[in-house]
Amino acid sequence: MARIELQNIGKSYGAAEVLRNINLDIEDGEFIVLVGPSGCGKSTLLRMIAGLEPITAGDFLIDGEWMNDMRPRDRDIAMVFQSYALYPHMDVGRNMGFSMEIRRATKDERKSKVAQAAETLGLTHLMGRLPKALSGGQRQRVAMGRAIVRNPRAFLFDEPLSNLDAALRVEMRLEIARLHQKLGATMIYVTHDQVEALTLADRIVVLNGGDIQQVGTPLELYERPANKFVAQFIGSPTMNVVPVSGAEGGVTTQNGILINLPDASKVTEAAELGIRPEHLDVVDPAAGDLLAVADVVEHLGSDTNLYVNVDGLGALMVRKHGNIPAKSGDKLGLRIQAEHAHLFTANGRSLGCAG
Amino acid sequence: MPAVSRRHPGLVIGKYLALAFYLTFALFPLYWLLKIAVTPDALIFSEGTRLVPSAISFDNFVTVIFQTDFLAYFKNSLIVSLGTAFFTTLIAAGAGYAFSRFVFKGKRIIIAIMLITQMFPLLMIIAPVYKIVADFGLLNSLTSLIIVYTAFNIPFATFLMQSFFDGIPKDLEEAAMIDGCTRFQALRQVIFPLTLPGLGATLGFVFTAAWSELLFALMLISKNDTMTFPVGLLTFVSKFSVDWGQMMAAGVLALIPSCLFFIFIQRYLVQGLTSGAVKG
Chain A
1 MARIELQNIG KSYGAAEVLR NINLDIEDGE FIVLVGPSGC GKSTLLRMIA GLEPITAGDF
61 LIDGEWMNDM RPRDRDIAMV FQSYALYPHM DVGRNMGFSM EIRRATKDER KSKVAQAAET
121 LGLTHLMGRL PKALSGGQRQ RVAMGRAIVR NPRAFLFDEP LSNLDAALRV EMRLEIARLH
181 QKLGATMIYV THDQVEALTL ADRIVVLNGG DIQQVGTPLE LYERPANKFV AQFIGSPTMN
241 VVPVSGAEGG VTTQNGILIN LPDASKVTEA AELGIRPEHL DVVDPAAGDL LAVADVVEHL
301 GSDTNLYVNV DGLGALMVRK HGNIPAKSGD KLGLRIQAEH AHLFTANGRS LGCAG
Chain B
1 MPAVSRRHPG LVIGKYLALA FYLTFALFPL YWLLKIAVTP DALIFSEGTR LVPSAISFDN
61 FVTVIFQTDF LAYFKNSLIV SLGTAFFTTL IAAGAGYAFS RFVFKGKRII IAIMLITQMF
121 PLLMIIAPVY KIVADFGLLN SLTSLIIVYT AFNIPFATFL MQSFFDGIPK DLEEAAMIDG
181 CTRFQALRQV IFPLTLPGLG ATLGFVFTAA WSELLFALML ISKNDTMTFP VGLLTFVSKF
241 SVDWGQMMAA GVLALIPSCL FFIFIQRYLV QGLTSGAVKG
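Just so you know, the sequences run in chain order A and B. Position 224, counted from 1, in the first sequence is what the working numbering calls 224; the numbers after and before it change by one each time, with no gaps. Position 191, counted from 1, in the second sequence is what the working numbering calls 191; the numbers after and before it change by one each time, with no gaps.
Read the hints as simulated data drawn from the structure, not as lab findings. Glycine is no exception: its CB is placed at the ideal position from the N, C-alpha and C atoms. Please note that a few of the clues may not be correct.
Label-pair distances were calculated between CB atoms; the ranges are [what the hints assert, rightly or not]:
1) 72/B to 132/A: 16 to 26 Å
2) 66/A to 188/B: 46 to 56 Å
3) 219/B to 105/A: 50 to 60 Å
4) 103/B to 311/A: 52 to 62 Å
5) 178/A to 103/B: 50 to 60 Å
6) 101/A to 137/B: 49 to 59 Å
7) 263/B to 16/A: 46 to 56 Å
8) 132/A to 101/B: 20 to 30 Å
9) 66/A to 109/B: 51 to 61 Å
All chains, full assembly: derive it from the sequences and hints.
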């Protein structure tokens, strides 16, 4: 179990800088998810923590010990790869016990540890099989088993679920959450899937373009995004953002509609208004803030997704719980739940919730 | 039902006819070699073009083995070929691993130079090679052949090994290093067992290339006791005028090591050893 500190960590390949000024304190036993779009540097950061990529700037500490130049084997960190990376010529049992074999643990110790891990992950009946005789989910479990066998200081996961089908992904997500509860170990998890991030993380680190955009609990990111990028990246479906200008008591949209806000103290700087699809209400066409025409309506049973067009504003998305009896071409009124509206400056900084 | 059975029978017959034609074309010279080797001397010219000789005798084999220097040539060839295969594969495996896994200065230039060495006909460099070998006092030695063959085979063998290393996911080594291996341990415990097919293919390729090489063996070796088999075969021609039967018998015997070698390594040539390592 370990506390991990990243201080001003940076990474560059020659002149190309892929990560800058990464500062992060990870508490003992914390589950941290690094999330961001492709190419944001999240996997590179994880590989730097693992010791697979050299750290080109800053300090990396585990339990206060400076680790920048330590080899992977001396960091005592386990990693689960996206590709699983099981050793194809070793059976499941040997795959899981390989780290102990290398560290010259006694055969009995190895056996009992492997048996214990196999028991935890439900792999006991597969011990003699080669990786090629396993399904995707089973391989994923073996990869996790290999990590837990040696009781490392921290676990790293590099998009471990992205090769699984949707149903299995949900199942394995739960399993990882249970594993974290059971082991109480420090875990760092990389994903581009915000659902995984929101469901698993104690704290989420949102990365974009090599910078940390925001660090916070899932709800903090959802309710108080630091900028437009985080606001649009976290939350599904994506937050609607429309250009506005400050006005007396609220903001005016481009088509001249005044939207009253409970807290209008910061509207002078406001350039854009963000509103999540679930914070738009569908009302009678005459009663709403905005008049919209339904473009596509998706009935999901539990929810209804409405893709609508508003004259002068463009496309918006509305998500409502339950079944809304609307169809394409219908005129709808939209009411903005002003207490959940977010305001952003021209350069994307959040001015906070208007509520 | 398998899809094959639903195809037009003419297509199936055509396919097998094409295969049979190809096999006949490819294997006929080998058959002729074997046929002449077992034809008694008296019949070679009288029924020269018959597909199957009217009598079979193994006299030629007995003569070749016990009354000529064949066994000495054979032994020399074996030493040269095994030595070349061993050293070439060792060096090519190291170089191929480096090309596959490391980024270093001058990598592209080295690869370009190695490609250039493959562009020239060997005939062009016979004179300088002869001079170099002579200056080192290595003429008429098997060592000179091993060195020269190793040098010539390394570029191709390196590219071959590199492609095999490229086929092994980098994740496996990284997983091994995180599991506690040094880079060398990862190489030995994880990568090496998975490279066996590649090593087998490279060994086989280099062995056969060295086994049948004639040009340099002819130039660098003139003493009977260090002659390799292809050179020795030429001396058969002058020694027995053109004793076809014995020449062919020697040829058949010379095929044996190549065949044995491939039978030995063929199980490593089968693909699929890395399946199951990563997704899919």
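Regarding residue 101/A and residue 137/B, is the given constraint of 49 to 59 Å on their beta-carbon distance met?
Once the Cβ atoms are compared, 50 Å apart, the range 49 to 59 Å for residue 137/B and residue 101/A holds.
Taking the Cβ atom of residue 178/A and the Cβ atom of residue 103/B, is their distance within the range 50 to 60 Å?
Cβ of residue 178/A to Cβ of residue 103/B: about 41 Å, so the range 50 to 60 Å is violated.
Could you see if the CB distance from residue 72/B to residue 132/A stays within 16 to 26 Å?
Violated - the Cβ-Cβ distance for residue 72/B and residue 132/A, about 48 Å, lies outside 16 to 26 Å.
Residue 66/A and residue 109/B, beta-carbon distance inside 51 to 61 Å?
Because 38 Å falls outside the window, the suggested range is violated.
Is it true that residue 263/B and residue 16/A lie within 46 to 56 Å of each other by Cβ?
The hint (46 to 56 Å, Cβ to Cβ) holds, given that residue 263/B and residue 16/A are roughly 52 Å apart.
I want to verify a distance hint. Is the separation of the beta carbons of residue 66/A and residue 188/B within 46 to 56 Å?
violated (30 Å)
When you take the CB atoms of residue 132/A and residue 101/B, is the distance between them in 20 to 30 Å?
For residue 101/B against residue 132/A, whose Cβ atoms are near 24 Å apart, the range 20 to 30 Å holds.
Beta-carbon spacing of residue 103/B to residue 311/A - inside the hinted bounds 52 to 62 Å or not
holds (56 Å)
Whether the CB-CB distance between residue 219/B and residue 105/A falls inside 50 to 60 Å:
Holds, since residue 219/B and residue 105/A (Cβ atoms, about 59 Å apart) stay within the stated range.
Of the numbered hints listed earlier, those contradicted by the structure are 1, 2, 5, 9.
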